[in-house]
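Colleague: Chains A, B, C and D are the protein sequences, given in the same order.
If you use numbering that gives the first Met the number 0, the first sequence corresponds to residues 0 to 252, in order.
If you use numbering that gives the first Met the number 0, the second sequence corresponds to residues 0 to 252, in order.
If you use numbering that gives the first Met the number 0, the third sequence corresponds to residues 0 to 252, in order.
If you use numbering that gives the first Met the number 0, the fourth sequence corresponds to residues 0 to 252, in order.
A hint or two may mislead.
No copy labels: a pair is met if it fits in one copy or bridges any two.
[Said to hold, decoys possible] Taking lysine to any residue pairs in the SDA-like style, the calculated list, with each CA pair at most 25 Å apart, reads:
| hint | residue 1 | residue 2 |
| --- | --- | --- |
| 1 | K67 | P90 |
| 2 | K77 | G213 |
| 3 | K67 | L33 |
| 4 | K124 | I93 |
| 5 | K124 | G150 |
| 6 | K137 | S60 |
| 7 | K117 | R65 |
| 8 | K6 | K40 |
| 9 | K137 | F61 |
| 10 | K137 | Q62 |
| 11 | K117 | L69 |
| 12 | K78 | E94 |
| 13 | K137 | T59 |
| 14 | K137 | S199 |
What the hints contain is simulated information worked out from the structure, not anything from laboratory work.
There are 4 protein chains.
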Amino acid sequence: MQMSVVKIGSVELGGGSFVIIAGPCAVESPEQFLEISTFLKEIGIKVLRGGIYKLRTDPTSFQGLREKALEFLPELKKKMNLPLVSEITDPRQIERLDSSVDCYQVGTRNMYNYELLKELGNTRKPIILKRGFSALIKEWLLATEYILAGGNDQIILCERGIRTFETFTRNTLDLAAVAYIKSRTGFPVIVDPSHAAGSSDLVLPLAKAAKSVGADGVLIEVHPEPQLALSDADQALDFNGMRALVRELTTAT
Amino acid sequence: MQMSVVKIGSVELGGGSFVIIAGPCAVESPEQFLEISTFLKEIGIKVLRGGIYKLRTDPTSFQGLREKALEFLPELKKKMNLPLVSEITDPRQIERLDSSVDCYQVGTRNMYNYELLKELGNTRKPIILKRGFSALIKEWLLATEYILAGGNDQIILCERGIRTFETFTRNTLDLAAVAYIKSRTGFPVIVDPSHAAGSSDLVLPLAKAAKSVGADGVLIEVHPEPQLALSDADQALDFNGMRALVRELTTAT
Amino acid sequence: MQMSVVKIGSVELGGGSFVIIAGPCAVESPEQFLEISTFLKEIGIKVLRGGIYKLRTDPTSFQGLREKALEFLPELKKKMNLPLVSEITDPRQIERLDSSVDCYQVGTRNMYNYELLKELGNTRKPIILKRGFSALIKEWLLATEYILAGGNDQIILCERGIRTFETFTRNTLDLAAVAYIKSRTGFPVIVDPSHAAGSSDLVLPLAKAAKSVGADGVLIEVHPEPQLALSDADQALDFNGMRALVRELTTAT
Amino acid sequence: MQMSVVKIGSVELGGGSFVIIAGPCAVESPEQFLEISTFLKEIGIKVLRGGIYKLRTDPTSFQGLREKALEFLPELKKKMNLPLVSEITDPRQIERLDSSVDCYQVGTRNMYNYELLKELGNTRKPIILKRGFSALIKEWLLATEYILAGGNDQIILCERGIRTFETFTRNTLDLAAVAYIKSRTGFPVIVDPSHAAGSSDLVLPLAKAAKSVGADGVLIEVHPEPQLALSDADQALDFNGMRALVRELTTAT
Numbered sequence: 000m001q002m003s004v005v006k007i008g009s010v011e012l013g014g015g016s017f018v019i020i021a022g023p024c025a026v027e028s029p030e031q032f033l034e035i036s037t038f039l040k041e042i043g044i045k046v047l048r049g050g051i052y053k054l055r056t057d058p059t060s061f062q063g064l065r066e067k068a069l070e071f072l073p074e075l076k077k078k079m080n081l082p083l084v085s086e087i088t089d090p091r092q093i094e095r096l097d098s099s100v101d102c103y104q105v106g107t108r109n110m111y112n113y114e115l116l117k118e119l120g121n122t123r124k125p126i127i128l129k130r131g132f133s134a135l136i137k138e139w140l141l142a143t144e145y146i147l148a149g150g151n152d153q154i155i156l157c158e159r160g161i162r163t164f165e166t167f168t169r170n171t172l173d174l175a176a177v178a179y180i181k182s183r184t185g186f187p188v189i190v191d192p193s194h195a196a197g198s199s200d201l202v203l204p205l206a207k208a209a210k211s212v213g214a215d216g217v218l219i220e221v222h223p224e225p226q227l228a229l230s231d232a233d234q235a236l237d238f239n240g241m242r243a244l245v246r247e248l249t250t251a252t
Numbered sequence: 000m001q002m003s004v005v006k007i008g009s010v011e012l013g014g015g016s017f018v019i020i021a022g023p024c025a026v027e028s029p030e031q032f033l034e035i036s037t038f039l040k041e042i043g044i045k046v047l048r049g050g051i052y053k054l055r056t057d058p059t060s061f062q063g064l065r066e067k068a069l070e071f072l073p074e075l076k077k078k079m080n081l082p083l084v085s086e087i088t089d090p091r092q093i094e095r096l097d098s099s100v101d102c103y104q105v106g107t108r109n110m111y112n113y114e115l116l117k118e119l120g121n122t123r124k125p126i127i128l129k130r131g132f133s134a135l136i137k138e139w140l141l142a143t144e145y146i147l148a149g150g151n152d153q154i155i156l157c158e159r160g161i162r163t164f165e166t167f168t169r170n171t172l173d174l175a176a177v178a179y180i181k182s183r184t185g186f187p188v189i190v191d192p193s194h195a196a197g198s199s200d201l202v203l204p205l206a207k208a209a210k211s212v213g214a215d216g217v218l219i220e221v222h223p224e225p226q227l228a229l230s231d232a233d234q235a236l237d238f239n240g241m242r243a244l245v246r247e248l249t250t251a252t
Numbered sequence: 000m001q002m003s004v005v006k007i008g009s010v011e012l013g014g015g016s017f018v019i020i021a022g023p024c025a026v027e028s029p030e031q032f033l034e035i036s037t038f039l040k041e042i043g044i045k046v047l048r049g050g051i052y053k054l055r056t057d058p059t060s061f062q063g064l065r066e067k068a069l070e071f072l073p074e075l076k077k078k079m080n081l082p083l084v085s086e087i088t089d090p091r092q093i094e095r096l097d098s099s100v101d102c103y104q105v106g107t108r109n110m111y112n113y114e115l116l117k118e119l120g121n122t123r124k125p126i127i128l129k130r131g132f133s134a135l136i137k138e139w140l141l142a143t144e145y146i147l148a149g150g151n152d153q154i155i156l157c158e159r160g161i162r163t164f165e166t167f168t169r170n171t172l173d174l175a176a177v178a179y180i181k182s183r184t185g186f187p188v189i190v191d192p193s194h195a196a197g198s199s200d201l202v203l204p205l206a207k208a209a210k211s212v213g214a215d216g217v218l219i220e221v222h223p224e225p226q227l228a229l230s231d232a233d234q235a236l237d238f239n240g241m242r243a244l245v246r247e248l249t250t251a252t
Numbered sequence: 000m001q002m003s004v005v006k007i008g009s010v011e012l013g014g015g016s017f018v019i020i021a022g023p024c025a026v027e028s029p030e031q032f033l034e035i036s037t038f039l040k041e042i043g044i045k046v047l048r049g050g051i052y053k054l055r056t057d058p059t060s061f062q063g064l065r066e067k068a069l070e071f072l073p074e075l076k077k078k079m080n081l082p083l084v085s086e087i088t089d090p091r092q093i094e095r096l097d098s099s100v101d102c103y104q105v106g107t108r109n110m111y112n113y114e115l116l117k118e119l120g121n122t123r124k125p126i127i128l129k130r131g132f133s134a135l136i137k138e139w140l141l142a143t144e145y146i147l148a149g150g151n152d153q154i155i156l157c158e159r160g161i162r163t164f165e166t167f168t169r170n171t172l173d174l175a176a177v178a179y180i181k182s183r184t185g186f187p188v189i190v191d192p193s194h195a196a197g198s199s200d201l202v203l204p205l206a207k208a209a210k211s212v213g214a215d216g217v218l219i220e221v222h223p224e225p226q227l228a229l230s231d232a233d234q235a236l237d238f239n240g241m242r243a244l245v246r247e248l249t250t251a252t
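My request is simple: use the sequences and hints to build the entire structure.
Modeller: Given below as C-alpha cells:
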C-alpha cells in the first residue's frame with residue numbers, strides 16, 4: 000500500500016502535516032467572502048472553502064449564489080492568492096467552476112451520483128469525496144473507483160458524520176472510519192466536524208480528536224456572525240472560535 | 000387534502016385500484032425484454048419496468064445497456080403497446096429517454112439529487128420518486144417540492160426499504176411510512192418489495208402486506224431465469240413466482 | 000422444520016388462526032381493567048394483555064401498579080375467565096406473578112437480559128419474547144435458546160418495531176422480519192403495531208399488513224379514554240377504534 | 000453545573016487526569032488473571048478490569064467463570080492491591096460480588112435494566128454505566144436517575160460504540176457524545192475503544208482520540224495471547240500493544 004499525497008494548490012494533504020481548510024458554508028457576497036478569507040489568511044490558513052452551489056433539503060432555503068458568485072470569485076481569489084475548495088452538484092458545472100475552484104468537493108448527498116463522479120474522473124483537479132451520510136466504508140471506497148476510472152487519482156476522502164438514531168448531535172462522526180481507512184488504504188483523509196456536530200461548541204474537541212485519530216486535516220465552517228449566516232448558522236465558528244481552534248491544533252501533539 | 004391520481008400511459012395510480020408494475024431489473028437484450036414483456040402482458044400486467052441506465056455500487060458491475068437499449072426500445076414498446084417505467088440518473092438523459100420511457104423513475108441513490116429533480120419538474124411525464132434508503136419521510140416529501148416547483152405534479156412515491164442495522168434482509172421495508180403518507184398527503188404511493196427483501200421468497204408476503212397497508216401498487220422484478228440475471232439475481236421472481244403473485248394480489252382483499 | 004403451536008390458556012397461536020391479544024398498556028385500577036376486559040370479551044377477544052411492572056425511560060413516569068395489582072388481579076381474572084399476558088422485568092417476579100399471569104412477556108428492553116431468560120426457561124408458562132428494538136434477527140433467535148435451554152419451548156416471538164433514523168413513526172415496524180422468521184423457523188410470530196406506530200391511526204393499517212405478511216396475531220393497546228391513559232396515550236385505540244379493528248381483521252382475508 | 004469526581008479505590012476519575020483501566024475481557028483462571036494484572040501493575044496501570052459474569056449473544060459461548068472466580072479473586076486482589084471493575088448482570092449478584100469487586104460495571108445490554116439500576120442505587124460503590132448500544136444520549140442520562148434515586152451518585156459514564164449500518168467496525172464509537180456530555184453534565188466519562196473497534200489495531204488511535212475529545216479515561220482489553228482469549232479475541236491488545244498504548248497516552252497531550 001502506497002500513501003498518496005494530494006495537492007490543493009501548493010498545499011499537500013497526506014504528507015504528514017495537518018491541514019486546516021476553512022471558510023464560510025456559503026459564499027454570500029464579495030464583501031463577506033473577502034472579510035472571512037482575509038481573516039483566515041492572517042491566522043495562517045492556507046486553503047479556503049466556500050459554497051457556491053448549495054444542496055438544501057428544503058427548496059425554499061438559500062441555494063447559494065450560484066452563477067452570481069462566479070462573476071467575482073476569480074478576481075477575489077487572485078487577490079487572496081489562496082486555493083479554493085467548493086462543492087459541485089451537477090456535471091454541467093465543471094466548465095463553469097473551472098476558473099474559480101481549485102478542488103471540487105463532492106457533498107454527502109452526491110457520493111452515489113456516479114454520473115458526476117465519472118465526469119470528475121476526467122478532470123485533473125483534486126477531488127474531496129465526502130462520505131455519504133449513510134454510506135458503508137466499503138461503498139465509499141468503491142465510489143473512488145468511479146473517479147479513478149477516468150484517470151484522476153487526486154482523491155481526498157472526507158468523513159463528515161453518518162446518520163444514526165441519535166438526535167442530540169446532527170450526525171454521528173465516525174472517527175473509527177478514519178483510522179480504518181488510514182490503516183488500510185493510501186488515501187489522505189480529512190474530517191468535517193462542523194456538519195457532524197451541528198453545534199459550534201463541539202467543533203473544537205472533535206477537531207482535536209480527528210487529529211489524534213490520524214486524519215490529515217479538517218474542514219471548518221467560519222462566519223463573522225454565525226447567527227446571521229444564510230446556512231448552517233448553528234455550527235459555524237466565529238473568528239474568536241476559529242483563532243482558538245488554530246492555536247490548539249497547531250500546538251497540540 | 001386532495002388525493003391525486005397520476006397516470007402512467009392510461010393506467011391510473013391513486014384512484015383506488017392496485018397496480019402491479021413489473022419487468023426485469025435491467026433490459027439485457029431485445030430478446031430478453033420481449034420475452035418478459037410478452038409473458039407479463041399475457042398475465043394481465045399493464046405497466047412495464049426495465050432498467051436502461053443502472054447505478055451500481057461496484058463500477059465493474061453491469062451498468063445497463065445504456066444508449067444501446069434506446070436503439071430497440073421504441074420499436075419494442077410499440078409492439079407491446081404498454082407503458083414503460085425506467086430510471087433516469089443524469090439530467091442529460093431526459094432528451095434521450097423521451098421516446099422510450101413513459102415514466103421516469105428516480106432511484107434511491109438520487110432522491111437527494113436536486114439538480115435532477117428540478118429538471119424533471121420541467122418535464123410533463125409522471126415521476127416515480129423512490130425514497131432515499133436513508134431518507135426521513137420529511138426529506139422525501141420535501142424532495143417532491145423540487146419537482147413541483149417546475150410545474151410537474153405527476154408524482155408517485157415509492158417506498159423501497161431503508162438502511163438499518165439488520166442484515167438478514169437487504170433493507171428494512173418501512174410499511175408504516177406508506178400508511179403515514181397515505182393518511183397525511185395526497186400522493187399515490189407504491190412499494191418495491193424486491194429490493195427491500197433481497198430474497199425472492201419474501202417478495203410475495205411483502206407485496207400482500209403492501210396492499211393491506213394501503214399502497215396503490217407494487218414494483219416487481221421478474222426474470223425468466225433469475226440466477227442468470229445480470230443484476231439483482233437473488234430477488235427477482237421467475238415466471239411461476241410472478242403468476243402466483245398476480246393471482247394472490249388480484250383475488251385477495 | 001416443524002411449526003410449533005403455543006397455547007395461552009386454551010387459545011392456540013401458530014395453528015393457522017389469527018389471534019388478537021388486547022388490553023391496556025398498564026393496569027391502572029380494578030375498575031379500569033374490568034371495564035376494558037368486559038368490553039374486549041364482548042367483542043370476541045380471547046386473550047387479554049395488561050402491564051403490571053412497567054419499564055419507563057423516565058424514572059418519574061408511572062411505573063405500573065406493581066405489587067398492588069397483584070391484590071386484585073387473580074379475582075378479576077377468575078371473573079373474566081380469560082388468560083392474561085403481562086410483562087416480567089426481573090427474575091424475582093416469577094413467583095409473585097404466577098397466579099395472576101398466564102403468559103410472561105419479555106419486553107423489548109429485556110431481550111438481552113439473559114439472566115431473566117434463563118429463569119423463564121425453568122418455568123412452564125408460554126413466553127412472548129419481544130424483539131429488542133435494536134436486535135438483529137439473528138440475536139433474537141439466539142435469545143430463544145436461553146429459554147429453550149431450561150426446557151421451555153413455549154415461545155412466541157413478537158415484532159414491535161426497530162430503532163432507525165426515522166422520527167415520524169416511533170419505531171420502524173419490520174414486517175419482513177416476520178416473513179423471514181415464518182419461512183425459516185417454526186416459532187409463532189405476532190406483531191405489536193401500537194408501539195411501532197406511536198400514533199393510533201396507523202394501528203389498523205399496520206395490523207392488516209401484519210396479518211397479510213403471515214403473522215399469527217397482533218398485540219393491541221386499548222383504553223376507554225386514550226388521552227387519559229397513564230402511559231402510551233398517543234397510540235392506544237379507543238373502544239370504537241378497537242371494534243373497527245376486530246371487524247376488519249376478522250372479515251378480511 | 001458541578002463537575003463530580005468519582006473514586007475507584009483511591010483513583011480519581013473526573014478530576015483532570017486521564018485514567019487507563021485495563022485487564023482481560025474475562026477472568027479465565029487465577030494464573031491468567033495474575034499474569035495480566037502483574038504486567039499491568041508494572042507498566043503503571045492503577046485500576047484493573049476483568050469479567051466474571053459474561054453476557055454472550057450465543058448461549059454456547061463462554062459465559063465467564065461466574066461463582067468459580069469468586070473463590071480466588073479476593074485473595075488475588077489483596078496480593079495485587081489494585082481496585083477491580085467487573086460487570087454485574089443480575090441484582091442477585093450484588094452480595095456475591097461485594098468482596099471481589101470495587102466498581103460495578105453495567106454493560107451495554109443492561110443499560111435499560113432499570114430493576115438492576117435501582118438496586119445499584121442502593122449500594123455505595125462506584126458504577127460504570129455503559130451506554131446501551133442503541134441508546135439515545137437522552138436515555139443514557141435518564142438511566143443515571145434510576146441509580147441516583149437510591150442515593151448513589153458515584154456514576155461514571157462509558158461510551159462504547161453504537162449500533163449503526165456500518166459493518167467494517169463492530170460498533171460506531173460516538174466521540175461526539177463524550178464531548179456533548181462533558182460540556183453539559185458533571186459526570187466523568189470514559190471510553191471503551193476495544194469493543195467499538197472490534198479490531199486491535201484500531202484501539203490505539205481511538206484511545207488517543209478519546210483523550211483528545213475530553214474523556215477522563217479509557218477501558219482497555221488486554222490478553223497475553225489474544226488469539227487464545229475465550230472471548231473478544233479480535234480486539235484485545237497483547238502486552239506489547241498495551242505498552243505502546245500506555246506510552247502514547249501518557250506522553251501525548
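Colleague: Against each hint, give a clear statement of whether it holds in the structure.
Modeller: Now for the hints, and whether the structure bears them out:
1. K67 <-> P90: For K67 and P90, the Cα distance is within 25 Å both inside one copy (18 Å) and across copies (22 Å).
2. K77 <-> G213: neither (33 Å within a copy, 40 Å between copies)
3. K67 <-> L33: within (15 Å within a copy, 50 Å between copies)
4. K124 <-> I93: within (10 Å within a copy, 28 Å between copies)
5. K124 <-> G150: within (11 Å within a copy, 37 Å between copies)
6. K137 <-> S60: between (32 Å within a copy, 15 Å between copies)
7. K117 <-> R65: both (22 Å within a copy, 15 Å between copies)
8. K6 <-> K40: The answer is within: 18 Å in one copy meets 25 Å, while 47 Å across copies does not.
9. K137 <-> F61: Between copies only: 18 Å across chains, 33 Å inside a chain, cut-off 25 Å.
10. K137 <-> Q62: Between copies only: 19 Å across chains, 31 Å inside a chain, cut-off 25 Å.
11. K117 <-> L69: both (24 Å within a copy, 21 Å between copies)
12. K78 <-> E94: Within one copy, since 22 Å is at most 25 Å while 42 Å is not.
13. K137 <-> T59: between (34 Å within a copy, 14 Å between copies)
14. K137 <-> S199: For K137 and S199, the Cα distance is within 25 Å only across copies (20 Å; inside one copy 30 Å).
In the structure shown, a violation is registered for the earlier hint numbered 2 alone.
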